[in-house]
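Protein chains: 2
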Amino acid sequence: MSTPRVVVFSGGVGGARFVRGLAAVLPASALTAVVNTGDDFEHWGLYVSPDVDTVMYTLAGLAHEARGWGLADESFGALALLERYGEAAWFSIGDRDLATHLARTRGLKAGETLSQVTDRLRRALGAQVPIVPMADAPCPTLIETESDGVLGFQEWFVHRRSAPTVRAVRFGADPPPAPGVLEALAQAELVLFGPSNPYVSLDPIVTRPGVRAALDRVPVLAVSPILGGQAVKGPLARMIPELTGEPASASAVARHYAPLLDGFVVERGDEALGFDVPVLPTATLMSDRAAAAALARDVLRFAEELAR
Amino acid sequence: MSTPRVVVFSGGVGGARFVRGLAAVLPASALTAVVNTGDDFEHWGLYVSPDVDTVMYTLAGLAHEARGWGLADESFGALALLERYGEAAWFSIGDRDLATHLARTRGLKAGETLSQVTDRLRRALGAQVPIVPMADAPCPTLIETESDGVLGFQEWFVHRRSAPTVRAVRFGADPPPAPGVLEALAQAELVLFGPSNPYVSLDPIVTRPGVRAALDRVPVLAVSPILGGQAVKGPLARMIPELTGEPASASAVARHYAPLLDGFVVERGDEALGFDVPVLPTATLMSDRAAAAALARDVLRFAEELAR
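Chains as they are written, first to last, in my numbering: chain A, 2 to 309; chain B, 2 to 309.
If you're looking for bench data, these hints aren't it; they were derived computationally from the structure. Any given hint could be a false lead.
Because identical chains share one entry, a pair is satisfied inside a single copy or across any pair of copies.
[What the hints assert, rightly or not] SDA-like cross-link-like pairs, simulated, lysine to any residue; straight-line CA separation at most 25 Å:
(1) K110 <-> A292
(2) K234 <-> P5
(3) K110 <-> R85
(4) K234 <-> A125
(5) K234 <-> R85
(6) K234 <-> G62
(7) K234 <-> T208
(8) K110 <-> R6
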């Protein structure tokens, strides 16, 4: 297997594990992770970037594997006392996790860009793969709900437990991609969409100005976040019918990406997409590091076959 | 014993324990603690008010008794990770303690004054005695050193472990006292100076505009922070010779306060002050709550005798 230059687009836990799988089979220098910042928000006065942190913690081997967010060996002393002070307690931030938000917030206030501070923090944690936030400026994902008007992403996702029915997803701003995104795409020989939510994790990246045009000149493969009609994590399986009127399926995700897509990786049994795109059925559930590395190997081999 | 309206001036741990002693023998409604904010500073982007917090935690029964700062049952996960991120780690902030600084910083940014946010936080922690910061606006204590120029208080005290010889103490601003300070003094029948450092803990309070004049019309008693030539805690025993050329003694502290002083409370054996002020020799070491309450009772009885 040759080592192509790969850019991978990622949301939170599923994407993060896929990036770690790729990092196990590719040199870090061949890989760039471009990460969703649409669900970034301010909490307790701190700038929180959940997907960036999940990718960073996962690559550094510090993530809490079972929970899917935050750090392993975490305590929640600050959260408990903040609740006593009457602060919002619906978004759980652990004590060690606080350090990341404090350091990032301080860096941003001192004039660093989000991509600069991200690079500094991931290096401090020993994550080898470059992590580029999709944009330095805010690009808030907004959820138009049936019952509760427009909600910020975390308000809808965490505070309301994604209960309000989604009518549409839109973005509150349209900033350019962060420095490094278009540069990495220009050099990429392969772009991979991790198994993340297309509407709220990858669309924010894909819709940054210039990204679509950059994707036209490079093979794009996506890994389905839907397995047998179910999402491994998160509200996607409910969002697909709410947003498209169709049942949740790998096929619905593939059609969402269709104009960009050169190949689609699905769980075995999900290969009937109903339209014409090369499909790789394989084991896509990344239950551990070995499974993620095996998936990464499968996806890279599929890309090689398609390139022939 | 009658219950006079008492205002107590306090720095950190010694003052805080004295306030707790008073709170054990007086109704909370008869007591107001005015607390030094000269060593407040910004750390990790948060507004930290060490003496206010020590008084608040001590009154709420949450203070770490042996350490003299911060909370009992504390963890330091954030500190460790912040150090890994290259942030300054010389000032230890625990994880639960962080909650206080986060809530205060958020309140201040939302437009609350320091006295408003202090009142809200101490109520949330269940501290009954009103705690009034000496000023709402910054009044930074500056340490003029022999070897290292002018240092901020925490820079000198914590970062440099109060090693550089002190030539003078001054304040970087001259804000009015916070709302409530002059009002409490106007209603007070007795003002007590806790056993705090006169130069860096109580002078900042005493020198707020209007405070000296208010003290002229009410009996003022002070408790010596020097016992047998030694300070219970902190750099005072070294500062006295550095600032006055005289050995550390209760007498040096009394003379510092002299024009304001109607009586002075010292450890038994320290009663020879060398000038004419009523003295109460008693047990002043507040090794536990009972000792602090006994000292408070002694001081109030002394005030009653002086008033006869």
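Comparing the hints with the structure gives:
1. When the C-alpha separation of K110 and A292 is checked against a cutoff of 25 Å, the pair qualifies neither within a copy, at 40 Å, nor between copies, at 47 Å.
2. Within a single copy, K234 and P5 get their C-alpha atoms no closer than 30 Å, and across copies no closer than 64 Å, so neither meets the 25 Å cut-off.
3. Proximity of K110 to R85 under the C-alpha cut-off of 25 Å is restricted to the inter-copy arrangement: shortest distance 19 Å between copies versus 28 Å within a copy.
4. Taking the shortest alpha-carbon separations for K234 and A125, neither the intra-copy value of 29 Å nor the inter-copy value of 37 Å comes in at or below 25 Å.
5. With identical chains, the CA atoms of K234 and R85 are never at most 25 Å apart, being 31 Å at best within one copy and 31 Å at best between copies.
6. Taking the shortest alpha-carbon separations for K234 and G62, only the intra-copy value of 20 Å comes in at or below 25 Å, while the best inter-copy value is 43 Å.
7. In this homomeric assembly, K234 and T208 come within 25 Å of each other (Cα to Cα) only inside a single copy, at 23 Å, whereas the closest approach across copies is 60 Å.
8. Taking the shortest Cα distances, K110 and R6 never come within 25 Å of each other, neither inside one copy (34 Å) nor across copies (45 Å).
Comparing the model with each earlier hint shows violations of hints 1, 2, 4, 5, 8; every other hint is respected.
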